[in-house]
Structure formats: C-alpha cells, structure tokens
Amino acid sequence: MDLKIIPLMQKLCLDVIKIGRIPNHMALILDGNRRFAARFNEGSLFGNTIGFDRLFEVIKITRYLGVRYCTIYIFSIENFKRSKDEVQSLFDLIEEKIIYFLENINKLKKMGNHSLVPKKLYSMMSKLYLETRMGTDYYLNIAFAYTSRDEIAYSINTIANGLKTKDLTELDVDESLLNACTYLGDLPKVDLLIRTSEPSWLQKFYMNVLNNGRIPNHLAIILDGNRRYATRMNKETQFGHRAGFDRITEIFNFTRYTAVRYCTIYIFSIENFKRSPDEVKILMELAEEKFDEFLMNIDEFRNLGICVKFFGNPSMVPKNLYSTMCKIQMETKMETKYFLNFAFAYTSRDEITHSISTICKGLKSEVITESDVDESLLNDCTYLGDLPKVDLLLRTSGVVRLSDFLLLQIADAQIIFMDCTWPEFSFLKCLYCLIQYQRCQHLVEKSNHHQSTKASMEFRKKCNDDIWKNIKHSSKAIID
Amino acid sequence: MNGKMHQRNFVYKLLWHLVHTVFTIFKCIHDIYLQLECKLIEWRLGNRCEAQILDNLQKATAKLKKMPKHLTILLGTEEPSHNDLAKLVLWSLTAGISFISFYDVQGKLKMNEEELKESVKRILPKTANVIWHNPECSYKNGFSGPKIHVQVLTQKDGHKALVETCKNLSKSNLEISIQAVDEDLRKQYKFPDPDLGIYFGDYFNLCGYPPWQIRLTEFLNIPSHHNLKDYKLINVLRRYNKCEQRVGK
Numbered sequence: 001m002d003l004k005i006i007p008l009m010q011k012l013c014l015d016v017i018k019i020g021r022i023p024n025h026m027a028l029i030l031d032g033n034r035r036f037a038a039r040f041n042e043g044s045l046f047g048n049t050i051g052f053d054r055l056f057e058v059i060k061i062t063r064y065l066g067v068r069y070c071t072i073y074i075f076s077i078e079n080f081k082r083s084k085d086e087v088q089s090l091f092d093l094i095e096e097k098i099i100y101f102l103e104n105i106n107k108l109k110k111m112g113n114h115s116l117v118p119k120k121l122y123s124m125m126s127k128l129y130l131e132t133r134m135g136t137d138y139y140l141n142i143a144f145a146y147t148s149r150d151e152i153a154y155s156i157n158t159i160a161n162g163l164k165t166k167d168l169t170e171l172d173v174d175e176s177l178l179n180a181c182t183y184l185g186d187l188p189k190v191d192l193l194i195r196t197s198e199p200s201w202l203q204k205f206y207m208n209v210l211n212n213g214r215i216p217n218h219l220a221i222i223l224d225g226n227r228r229y230a231t232r233m234n235k236e237t238q239f240g241h242r243a244g245f246d247r248i249t250e251i252f253n254f255t256r257y258t259a260v261r262y263c264t265i266y267i268f269s270i271e272n273f274k275r276s277p278d279e280v281k282i283l284m285e286l287a288e289e290k291f292d293e294f295l296m297n298i299d300e301f302r303n304l305g306i307c308v309k310f311f312g313n314p315s316m317v318p319k320n321l322y323s324t325m326c327k328i329q330m331e332t333k334m335e336t337k338y339f340l341n342f343a344f345a346y347t348s349r350d351e352i353t354h355s356i357s358t359i360c361k362g363l364k365s366e367v368i369t370e371s372d373v374d375e376s377l378l379n380d381c382t383y384l385g386d387l388p389k390v391d392l393l394l395r396t397s398g399v400v401r402l403s404d405f406l407l408l409q410i411a412d413a414q415i416i417f418m419d420c421t422w423p424e425f426s427f428l429k430c431l432y433c434l435i436q437y438q439r440c441q442h443l444v445e446k447s448n449h450h451q452s453t454k455a456s457m458e459f460r461k462k463c464n465d466d467i468w469k470n471i472k473h474s475s476k477a478i479i480d
Numbered sequence: 481m482n483g484k485m486h487q488r489n490f491v492y493k494l495l496w497h498l499v500h501t502v503f504t505i506f507k508c509i510h511d512i513y514l515q516l517e518c519k520l521i522e523w524r525l526g527n528r529c530e531a532q533i534l535d536n537l538q539k540a541t542a543k544l545k546k547m548p549k550h551l552t553i554l555l556g557t558e559e560p561s562h563n564d565l566a567k568l569v570l571w572s573l574t575a576g577i578s579f580i581s582f583y584d585v586q587g588k589l590k591m592n593e594e595e596l597k598e599s600v601k602r603i604l605p606k607t608a609n610v611i612w613h614n615p616e617c618s619y620k621n622g623f624s625g626p627k628i629h630v631q632v633l634t635q636k637d638g639h640k641a642l643v644e645t646c647k648n649l650s651k652s653n654l655e656i657s658i659q660a661v662d663e664d665l666r667k668q669y670k671f672p673d674p675d676l677g678i679y680f681g682d683y684f685n686l687c688g689y690p691p692w693q694i695r696l697t698e699f700l701n702i703p704s705h706h707n708l709k710d711y712k713l714i715n716v717l718r719r720y721n722k723c724e725q726r727v728g729k
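Heads up: the protein sequence lines correspond to chains A and B, in order.
The numbering used here puts the first residue of the first sequence at 1, with every later residue one more than the last.
The numbering used here puts the first residue of the second sequence at 481, with every later residue one more than the last.
Because the hints were derived from the structure by calculation, they are not lab data.
Cβ atoms here follow ideal geometry from the backbone N, Cα and C, with glycine treated the same way.
Derived pair list, reagent style DSS-like, types lysine-lysine, alpha-carbon separation capped at 25 Å:
id : chain 1 : residue 1 : chain 2 : residue 2
1  : A       : K204      : B       : K493
2  : A       : K364      : B       : K647
3  : B       : K722      : A       : K274
4  : B       : K709      : B       : K543
5  : A       : K429      : B       : K493
6  : A       : K361      : B       : K667
7  : A       : K11       : B       : K484
8  : A       : K361      : B       : K647
9  : A       : K361      : B       : K640
10 : A       : K446      : B       : K640
11 : A       : K364      : B       : K667
12 : A       : K204      : B       : K484
13 : B       : K651      : A       : K462
14 : A       : K461      : B       : K647
15 : A       : K461      : B       : K640
16 : A       : K389      : B       : K647
Partial pick of chain B residues on the chain A-facing surface, computed with a CB cut under 7 Å:
id : residue
17 : V643
18 : F684
19 : N685
20 : L686
21 : G688
22 : L696
23 : F699
24 : V727
Short, incomplete list of chain B residues facing chain A, as computed with Cβ under 8 Å:
id : residue
25 : L495
26 : W496
27 : V499
28 : H639
29 : K640
30 : I658
31 : Y683
32 : P691
33 : W692
Whenever a hint applies, use it, and build me the whole structure from the sequences.
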C-alpha cells in the first residue's frame, strides 16, 4: 500500500474539509479488531491485520489534511493478560509491520514501558526510531506496552528523582513539568514556519486561475489584531501572537507558489517597546523560540530557495536574538528564489534617518558628490537597500494608518485595509485581496512616477557590503 | 499533451474573466446602492441653502471629541474641480480644521492655483482668513478671526524633499537624528503632520506623497470629490473619531 497516492474523489472531499480547522494532534484508540474478525468467522489475526491496513489509510489521510501529530494506541499493558498465543501472534504481526514502516514513514516514536516489551521487538522499534528521528513533516507516535497510569507514575518518579538530586526545586513542579516528563514529553511542539507539503489541489487551482492577471512582485504585510483576537477567544495575548505566527506560515506558503517573490512582514516596531515590560519579554521569548526553530531547520529554507532577511535597528534588539537573526541571514544568503523579510525593531523614520546618515558620511568623506544624491540613492541606502518597490501593502484589523512601515518603499503601492484580525486572515481573504489588486493595478501603473537612473554604484555596493560585514560579525557572537 | 495543456489554460483564463466579471457586477450593485443611499439622505435633508449647510456642519462637528489639526487631500487621478475643492476649504474652516493641503500628483491643480484661489475667495465669508502657502508668499501673521492655512503639494514635495534634507544635513554639523531630519523637513513641508488623509476612487495609492509625515495619518475614503456633499465629510470625520491611536502600545 502506497502512503502517497490518494484517489481523486477522496482528495476533493479532503480539500473541502481543509478549509476549516484541522486538529494539530490527533489521538486514536483502535478498538474492535476481534469483533470484526468474529463477524467474518475468522481468527483475531485477520482482524488485527485489517486493523493495520486501516491504520495506514488513516495515516495517509491525516498527513494530507495537515494533521501533524498522530498518536495511536496499539498495545496496552493490560493486553498482556490475553492468552499467550494471541499475544505472540500480535507481536509477530507488529514485527512484520515495523519492517514496512522502516521503509515508509517519516517519524515514528514508541512510547511505553521498555521493560515489558520483548527484546527483539524493542530493538527493532529503537532502530526505527533512530532512523526517523530527523523527520519533521509528520509525527506518528505508537503507544506500545502503555497505560496512562504507568506513564504518569513514570513522570512523577522522574520528577521525584530530580527533587532528590536537587536538580529541581519545589517551585518548578507544575502541570507543564508533569506533562514534559511523560514518555513523549516534547509532544506539544510549536509549529514550524515552513511546511514542505504542497498546497492543496484546490489552492493550486485558485492560483492557476489568478495567475492570468497581475500578481504583486513584492507583497508587504502589517500584521495587526493578534491581541484583539486573543481577547475574543478568551485566551491570553500569547495565544494571539502564536496564532498570528501560524498565519504567517500559511500565507507565506501560499504566496510562494504564485509569482510573489518578495514578502516583507512587520513583526515588531520600535514603538512596541513602549508596551508593558512583561509583554515585551513574552514577545522577545516567542521571537527567540521561533528564530531558533528556523535555525534548526535551516536546510528546509535552503532547499526551497528562500532567502530570509531581518531588518530594523540592530542596537535595539537583544544580543542573543540578534546573533540568531544574523546567523539565519548568513545561512540563506545565497538563495534567490523567494525573499522573506522580517521587520524587527523597525520604524520607517529610523530607517530613513539611517539612510540619510549613511549618505552624509559618504558626502563628508567625498566618496560621492551632491549631484549623486537622488531618490534612488536614498532608497538604496536603507536597511534592505536592494529591495524592489512594494506592489501591494496589506493591513489587517481595520486600522487605516501606515504606522511607520516602509514609507519610502510604498510610494507606488496599492494599499488595502482589511477588517479582520491577522489570525483570521484566511486563504480566501488573501484571494479577495489579490483580486482587488488585479482589478485596480492597471490604473495604478498609469499614475506611477518614475525614478531617476542610478549613479555611484560603487558607493551603493560599499553600503551593502558594510551591512553584510556587520551581520557576519554578529552571527558569530552567539552566546550560549 | 500540449493540446490538453492549452485546453486547461483556456479554462483557467475563462474562469479568471468570469471571477472578475462577477466582482465587477457586485461592485456595480454596491455603487448603485451607495448612490441610492445618498439620494435618500438628500431627499430627507431637503433643499438647503449654504447657511443651513454650514450650520448643520458646525453642529455635527461640535459633538465630535477630536478634530484633525491638518487634513490632507490626495487628489489622485481625478480631474480637480475647483468649486468642490473650495467648498472643502470652507467646510474645513467651519469644522475647525486649521490646516488643509491638497496633494496634486498630476500637477493640474498647481498650474491653475490662481483659479482655485479665486474660487475659494468667492465662497468664503469676508471675516475668514485664508493663508496660502506657496514659495512666492511668506507666512503672514497677526490675523484675527477664523483662519485656515492652505497649501498645494506636488510630487517635488515628496521624495525629492527628503533628498534636499539630506543635502542640507550633510552641510551642517548637526548629529543626524530623527528630530534633526524632522526639523529640516518641517521647513519645506511647513504644515504639521497630517492627522487625517482623504483619498478618492476605488483603491488607495499614495502616488509619492511625502513619506516622512504620514506615519500616523488615518486614511479614509470618499468615492469622488466631484459634487462633494457635506454629509460625506461629516461621515469621514465621525469615522476619524472612532480611530484609536495606540502608537505601539
């Protein structure tokens, strides 16, 4: 049975379902194999075999839908109470299936009490686990020789040992620690930015239709409304920010398959430092977590040809975070397919001032003359000098101002204000914006003003080189 | 295989035209609805003379908590209608807006600035003082009575002004900070930063409007400035009042 091929009718149904919410982590208790077999007057082995086949189908479907974690209850510690023959035949069947797994699935972890599993089976499972450790697309967790009470007892035991050896204090012990010390403690993981899965058939279809009109080359987005979304859902603000980040993933994944080549996103403004120190701390920690994940999975970015850049005022970013950001930039420097830019600790006035400052230094040291100073030089000396002009600027949450974002670069852009909050900015709303863009873009292009030709290429190149020198220097200074 | 691809591309193209046609139809229906709404409002208000309009405007704006100090109008690609723009100056004066600027990217308004001055003079009350800001006349002081500052901006006030600032700052020995740039630009722009910007048409495009000053400007839409009605301005001002400026917080 192939884990990749799904019949067309099923795909259509799944694509429709995909429009709504999909569970991130799904758990299954497989039950009824023996009853099924009895109905066909067959032995339990028949039922269990069919059970496995059904399991593969479910894995295939959930993987396509976008469920990332699937945890399955195969064998409980209580099942050892069954007859010896039945237990043995189950183990043989599992052995056979593991060999199949070894050829196919991305990641498989076993969880359960090691001491109860027969040695041969355990070594095979360990082998499978080691082979699939680096997969990150889909997590398949199999509960074998497991009961939840056993797991909780194990978790409590680990924590108690930690308290005895003074590695932990009583204050550290809370619900999340109890969760984290279970067999699969790292399960509730935050989603990564890049998904290597392709967009769905339906999404591709929409894109093929839209590609007949103009698509913005450079898309800029002001994310707004995370906190409002969180209050509406009666959760804390961190929930809103995380939901916002997931939304960046989705929209970016979609735009990657259109003709959009540059995507610039406003994450954190210098004005946001005015918020309460607690909130700023939470935001910085969230940023650190996300950027560390980027760094760990930097190969995915390189495979997809994505060049990640951060821009903003470097002196306002905490040192560790800045080093991580520089490292990411250095690692993806040579990619040229898509450009993903994040504005962090940024305001446009700060950027323009920096640009003017660079030019003034150049004038003072007589590298350039006054006649060289024009609009295009001003543009090129910004933090991301070689960025093309923005074609479409989106702002969510109904606010109708620009909040100091890319003021120089949006001179000819079409600006669309959306009323929904950012975490609610769905794929369909994105399509709506693109259609609006297409309807009016020919009028926009007529009224665009033209820039003068470029002079003093050497100075521009030198500015760019200086920036990269700083980035390279900072990327090496990662403090552990 | 090629034939099949051509077929498929043809279907996609057809669907694209279909989608855009549907959108256009919806837009037309929406426009008709808006026009009907306007007609209804006008029928309810009945025939009003100038004085009544001004009176109504004053009453409506007196209730509003905040009024923009500087209103900027982005004319965009519309043909400037001097009468309507003059009306806008009059109404802004009545509402208590101190500064009004017109951004004329095509240059047509700037060329006919004298005509606009005449139109404004004609409809404004004698007691009101209109202070025009252009390179020829300097800022006049010492007026009593209601006054409003008017300015027509063009493309050269946009990015080119920043270039000028850059050159000016390089000659001085000041440390280049946000305040220094702001002060130098103020000498060219003269007015305070706009609080409210109004753009016309279906879409919003800055067309090279001076970038530095608009960082916190609220931008609201009026479909067209031709045959401009006072209740449209009142609606915009009401909407402006609802905008909450958090400035990062």
